[in-house]
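A.B. asks: Chain residues, written in single-letter form:
2 protein chains.
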Amino acid sequence: MSSLVEVNVKFVAMDQNKSHIVLLSDKEDTKVLPIWIGPAEAQAIAMPMQGEFEARPLTHDLIKSCCDKLEGRIEKVVIKDISTEGTYYADIYLEQGGEIRVIDSRPSDAIALALRWDAPIFITMKLVEFTIDPDDVVFDKSDWEDLH
Amino acid sequence: MSSLVEVNVKFVAMDQNKSHIVLLSDKEDTKVLPIWIGPAEAQAIAMPMQGEFEARPLTHDLIKSCCDKLEGRIEKVVIKDISTEGTYYADIYLEQGGEIRVIDSRPSDAIALALRWDAPIFITMKLVEFTIDPDDVVFDKSDWEDLH
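Protein chains in written order, with the numbering used here: chain A, 220 to 367; chain B, 220 to 367.
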């Protein structure tokens with residue numbers, strides 16, 4: 220496996236086109252990787268970041284419940300690749316009884332789950348090439364509060 | 220446990236207010252139980268009904284992948300209750316190595332998962348009281364095609 224860089228979820232917001240975006244930043248907070256995601260996944264990422272939970276379980280909370288009952292836990296997630304069409308790919312590393320299973324996932328789902336297990340999020344060196352300066356991201360912070 | 224009635228997913232549509240709705244019908248198709256759901260869950264229910272899948276796994280496909288890897292499977296789902304505020308409650312019966320674990324869920328997630336395992340869906344006798352005549356449901360079938 221190529222070298223991995225650990226990242227944090229910096230925030231979820233909307234860009235100027237009202238599309239949801241999650242920003243991943245390196246530990247030094249010098250570069251960010253923007254990934255466009257769906258509104259449901261944006262909510263699923265924003266809520267645990269704010270320590271909030273719905274009265275009824277969201278779909279990603281249900282994944283946590285299912286894995287807990289089956290004695291599985293997410294060890295880490297790796298956002299590993301991007302296609303020429305701009306589609307990002309992630310792997311979820313699911314541990315059960317000391318064995319690791321790797322599961323194909325959209326990055327938005329992988330990030331939402333990592334936050335529920337407090338599991339580390341990594342990107343591959345290939346994706347480091349797609350990181351940008353935080354100031355180059357244009358987003359509408361006024362909508363941040365509307366995500367939950 | 221009180222008696223249960225097995226139901227089918229009749230269809231997913233939009234009502235006159237453009238809210239998504241899933242209609243559950245009894246086997247004789249004489250009564251339906253309408254449940255209002257979110258747009259992401261509507262898509263997650265509509266796609267397997269039509270035998271379609273996205274190129275990338277939807278969140279409910281990811282739940283299936285996680286459970287498969289952890290050797291769990293959904294045996295059945297039961298939509299069991301409705302609160303005075305109109306919130307529906309469901310239980311997912313998750314089997315692993317012959318043991319059943321019961322998991323609290325929103326009905327929309329439970330239905331989306333049942334379709335992925337071809338698992339039966341039940342409602343309790345209490346909810347039978349909330350079923351209505353199919354002709355009393357006003358919905359916009361023209362939007363059906365837009366759900367996926």
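Keep in mind that the hints were calculated from the coordinates and are not lab data.
Any given hint might turn out to be false.
Copies of one chain are not kept apart here, so a pair can be met inside one copy or by any two copies together.
What the hints assert, rightly or not - The calculated SDA-like cross-link candidates involving lysine to any residue, where the alpha carbons are at most 25 Å apart (straight line), are:
no., residue 1, residue 2
1, K345, L242
2, K288, F230
3, K288, P276
4, K299, Y312
5, K250, G316
Note that the structure is a prediction, hence the values are computed from the model and not measured.
A.B. asks: At 25 Å max between alpha carbons, let me know whether K288 reaches P276 within a copy, between copies, both or neither.
C.D. replies: both (15 Å within a copy, 22 Å between copies)
A.B. asks: Please sort K299 with Y312 into within, between, both or neither, judging by C-alpha distance up to 25 Å.
C.D. replies: The answer is within: 12 Å in one copy meets 25 Å, while 34 Å across copies does not.
A.B. asks: For the identical chains here, do K345 and L242 meet the 25 Å Cα criterion within one copy, between copies, both, or neither?
C.D. replies: within (17 Å within a copy, 46 Å between copies)
A.B. asks: Have a look at K288 and F230 and pick one of within, between, both or neither, based on CA distance no larger than 25 Å.
C.D. replies: neither (30 Å within a copy, 31 Å between copies)
A.B. asks: For the identical chains here, do K250 and G316 meet the 25 Å Cα criterion within one copy, between copies, both, or neither?
C.D. replies: Classified as neither: same-chain Cα gap 37 Å, cross-chain 46 Å, threshold 25 Å.
The structure fails hints 2 and 5 (numbered hints given earlier, in ascending order).
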